[in-house]
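Trainee: Going down the list, the protein sequences come from chains D and F. Each residue of the first sequence is one higher than the one before, starting from 1 at the first, in this note's numbering. Each residue of the second sequence is one higher than the one before, starting from 1 at the first, in this note's numbering.
It is worth saying that the hints were derived from the structure and are not from the lab. The beta carbon of each residue, even a glycine, is placed where N, CA and C say it ideally should be. One or more hints might be untrue.
Per label pair, the in silico range of CB-to-CB distance [to be verified]:
#1 A99/D with K166/F: 53 to 59 Å
#2 L77/F with R337/D: 32 to 38 Å
#3 Y133/D with R241/F: 18 to 24 Å
#4 T27/D with G219/F: 31 to 37 Å
#5 Q121/F with Y133/D: 40 to 46 Å
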Amino acid sequence: MNTAFERIAVSALALLASAVLFGLLLTFYAGVDPLEAYALMYQGAFGSWFSFQNTLTRAAPLILTALCTALPARLGLMIIGNEGALVAGGVAAAAAGVAVSGTTPLLAQLVMAAAAMAAGGAWIALAGGLRHYRGVNETISSLLLTYIAIALMNHFVEGPLRDPSSLNKPSTHPIGDANMIGAIGGTDVHWGLAFGIVACVLCYLVQRFTTFGFAMQVIGGNPKTARMMGLDVGRHVLVACGAGGAAAGLAGMVEVAAVHGKANASLAVGYGYAGILVSFLARHHPLAIIPVAILLGGIGASGGLLQRRLDLPDAAVVVLQGIIFVAILASETLYGRSWRWLWRIKAAEGR
Amino acid sequence: MSADGGIGIWGVPLAMLAGAIRVSTPFIFVSLGECLTERSGRINLGLEGTLMMGAMSAYGTALLSGSPWLGVLVAALVGLLLGALHAGLCQLPKVNDIATGIGLMLFGTGLAFFLGKPYIQPKAPNLGAIDLGWWSSVPQVRQALQVNHLFIVGILLAVALAWALKNTRWGLIVRLAGESVDAALAIGASVGRVRLIATSVGGAFAGIGGAFLSLYYPGSWNEGLSSGQGLMAVALVIFARWDPIRCLWASLLFGAAGAVSPALQSIGVTQGYYLFSAAPYILTLALMIATCSPARSLRGAPGELGAVR
């Protein structure tokens, strides 16, 4: 069985099915020619250098938050607190950035990144630790921690960290233009994309070529075997969850230091939840996360063009993303069965 | 502060009561729906999308037909369909119910915004309220006791669900499907069908909760209508330890916690009130930490519910 081919074939089938479903919705509800819409979407996502940069910018936080689900998934844990880790990281980065804003930009950026990764990492490591040492379900606790993080963010930006001059949208003090991390040379794409790609490659290398990565796989495959082998399961859980949370926290730092310039409610706009789905679509494979996030970023980036040219609601792209997610998740059921099914048809024909 | 009718500090508990009644109604419906679904052994994280679809379809129907109650009915039907979709997908082998729930949450909210675009401006008829505060002369009390019919329906539903789960054959089969698939199979029940029905009915409840949002309080349709009630329901059901009556109390508590910040703000407390909105989650987490141990999962949790194992 060619599993790589099967993986691509099943995913392509699911994408095709979603495109047909969304096309039907466009044709019969909105009265829009779906082929025209798809052509516009391609143009809006990848058609020009400008739109491709927009796509990449949107993909950056998705890559980082997806790692927050993908790394613990290797151990058999399902973390859905990505949004909370992102928010915790963003607030920590803003607080640290304001505190050291008088120093050199490089130092300030390093401190911000460290603070964000520590906060996000602690957030998810807490969920992992509770799972391992107390048996508290990590899926639910990480969801609860997300709400706690958002409430804490509201508390800090409305109270102790508030910039009195931010009237309509309470925010922290700005970290200062000099300390912003800016764009990758010659483009409009901020450095968050580079951080995300480096993080994914690092995770892949660790998972593929180190003892630690192999141990993660053993624990995820069979925790009892892992314990009999003498592996310290708790340590692996804490490290994997901490690293995943740190990636999501870094996404929060990038949102603060490359996009908004300060922390406010704009941090919690759903990158975390989208990251969960990116991780599932990539089947928790660190390298597959990159193209999946770029594809979804592209769909998001094309919303504006659809709205302007075809007068479609901007939520149209969210509907398409939702259909794709559901179709790909449902297509999991085909793995290992599609071949048998095809083979049976062939056998029937040969008879 | 001349508008406080001379009740001063008492305005805070009163506003909390009023807020608890108003804010908690969608919580009651969504949490009862989630409770029923989870008792049958499946988790539905997509109720946020169901809630938004319910809100949108109820508002659109009320606007086009002039009848808000028809809107509630349509919202329930839409919720039923979305619940059935979730159940049908999760029935397929190897499909993950948590991820599917999140996918359907995104799909539901997106579809609600997409189809609901034309309904943002016009004003649909409201569900109206029952005036239970007629005996009082204090305007705040009267205002606090303006209760919507759906709040009362929600209380009755909680009692009925608790009774049915405990005392009826149907309730027994739902609980069996949630506790032990083998036992359910042994008495000849089809676990798949039981979960399909429970998840669909749960979705219908969530749809009604959405109808309350768009047709009573806040009483309009827009994209910021829900503040995450659908996702919070998951926490709420755990806090209530899968008991419909406790879901009712927990909904009131979550509603009151949400209402405490504006109430404190109105008497001039401007610091720290956001922490109150985190209180329900901290309490739920503390409860989970206290009652879990590595050897044993949560007390009261359905045995087949993979998500809390």
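Trainee: The structure should be examined with respect to each hint, and the outcome stated for every one.
Mentor: Here is what the structure says about each hint:
Between A99/D and K166/F the beta carbons are some 56 Å apart, a value that agrees with the proposed interval 53 to 59 Å. The hinted window of 32 to 38 Å between L77/F and R337/D holds, with their beta carbons roughly 33 Å apart. For the pair Y133/D and R241/F, the supplied restraint of 18 to 24 Å holds, since their beta-carbon distance comes to about 22 Å. At roughly 34 Å, the beta-carbon separation of T27/D and G219/F lies within the given 31 to 37 Å, and the hint holds.
Distance hint check: the CB atoms of Q121/F and Y133/D are about 53 Å apart, inconsistent with the given range 40 to 46 Å.
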